[in-house]
Amino acid sequence: MLDKNGIAKRIAMEVKDGMFVNLGIGIPTLVANYIPEGINVVLQSENGILGMGPFPEEGKEDADLINAGKQTITLLKGSSIFDSAMSFGMIRSQKVNLTILGAMEVSENGDIANWKIPGKMVKGMGGAMDLVASAKNIIVAMQQVNKAGQSKLLSKCDLPLTGVRCVKKIVTELGVYEIVAGGGFKLLERAPGISVDEIKNATAGKLIVEGDIKEMSV
Amino acid sequence: MISRVVKNVEEALRDVKDGNTLMVGGFGLCGIPENCIAELVKKGVKNLTCISNNAGVDDFGLGLLLQTKQIKKMISSYVGENDEFERQMLSGELEVELVPQGTLATRCMAAGYGMPVIFTPAGVGTEVAIGKETRKFTFNGEEKEYLMEKAFEADFAIVKAWKGDTAGNLIYNSTARNFNPLMAMAGRITIAEVEELVPAGELDPDHIHTPGIYVHRIFQGEKYEKRIEQRTVRKKQ
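Residue numbers (our numbering), protein chains in the order written: chain A, 1 to 218; chain B, 1 to 237.
The following block holds chain A by itself, in its conformation from the complex (with noise of 0.2 Å):
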């Protein structure tokens, strides 16, 4: 099974050279840890930000740059700043090459739901709708089992919606999935040590398996 850290490094696989990617809260703003030696890719951050960078050293922290997660940061060479509408231009338009996001809910059709609990948690859309409403590729980083052992790879979403029809692939503590056209999970690797029965088990939405699952390798 995979912790928080594995599922970053598993999704840092998906990142190829030359890619501009926005990273969601959460275990989607690990992936920036995990991103191999040699691949050049610029990260953008909604709030304004091309080429953010790491965390700044102690002592250097500037109150005027952070993250979408309010979090200071640095930027690297060649950054740009901008304000949120041109931020969410180039999102719209397509230029951001890759969304990586988390999910409270994902459906066998691609929807995704991360927003809201009636009644109980509301933290807003934030970014994530628009993002959801334009990327291209959509990879949803998220638990697959929630701490009352519910899969939340579901049939039909049972939360509000942020998107539909909009996640390509999902990365969970027990395997790697792909959206596929007609609607369903086909299992793509199987996290280290977790069998096929394992994950069966803890796919509520219609499983695709075909084939030899191979264990993936991070």
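Hints in this document: simulated from the structure, not taken from any laboratory.
Positions of the beta carbon are idealized from the N, C-alpha and C atoms, including for glycine.
Among these hints, one or two may not hold up.
On the chain A side, residues computed to face chain B include the following (Cβ under 8 Å) [stated by the list, open to error]: (1) 42; (2) 46; (3) 55; (4) 56; (5) 61; (6) 63; (7) 72; (8) 81; (9) 84; (10) 126; (11) 133.
Position chain B relative to chain A; hints supplied.
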């Protein structure tokens, strides 16, 4: 040169009344008009509608106006870590319209560009789209459904810039830019507080982010706390 300078924050906010709609710049606690928010608390104006991406934290930023119950309605994209906001929203004390962040920014932009509506794919098929007009457009070779969203109308836009000149021209610093230039363009009356106010002619016209035509009142803020919401650091190498 037309001077946009007002003496202080009291004069800048002199005619803000109960029931007004205010746009308030900033993202989290970054680039928020601290002096104006403090003055609104002091002034005690009530039943405000605030358009702002977040509502600060419990004890800073717009969170201060939530604590004093001066805000009737918030239009935001993210409640985030503000417990009082979440509590007032869930209990129904506070009216909240949650708007996708890009839609929020673009509705400000549209107002500043004189366009009544925008069409965006964000929120199609979700509860954000309920009661709104959608249309299909083929754009960039792809047919997609778009949601019609209206430009915001605000009595006042209250923004914060790094430097400004007496003509009202503004320059923002780093990611404190965020929503500020968009809101500056969108207010019926725009009030800018700046860290440093300089005489007209000192700022390079090529470096201006917001032209003074959009800024009706400008003053230099008395002090800035510039609180950091999430201080994250790495070890010295």
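So, against the hints stated earlier in the document, which numbers end up violated here?
1
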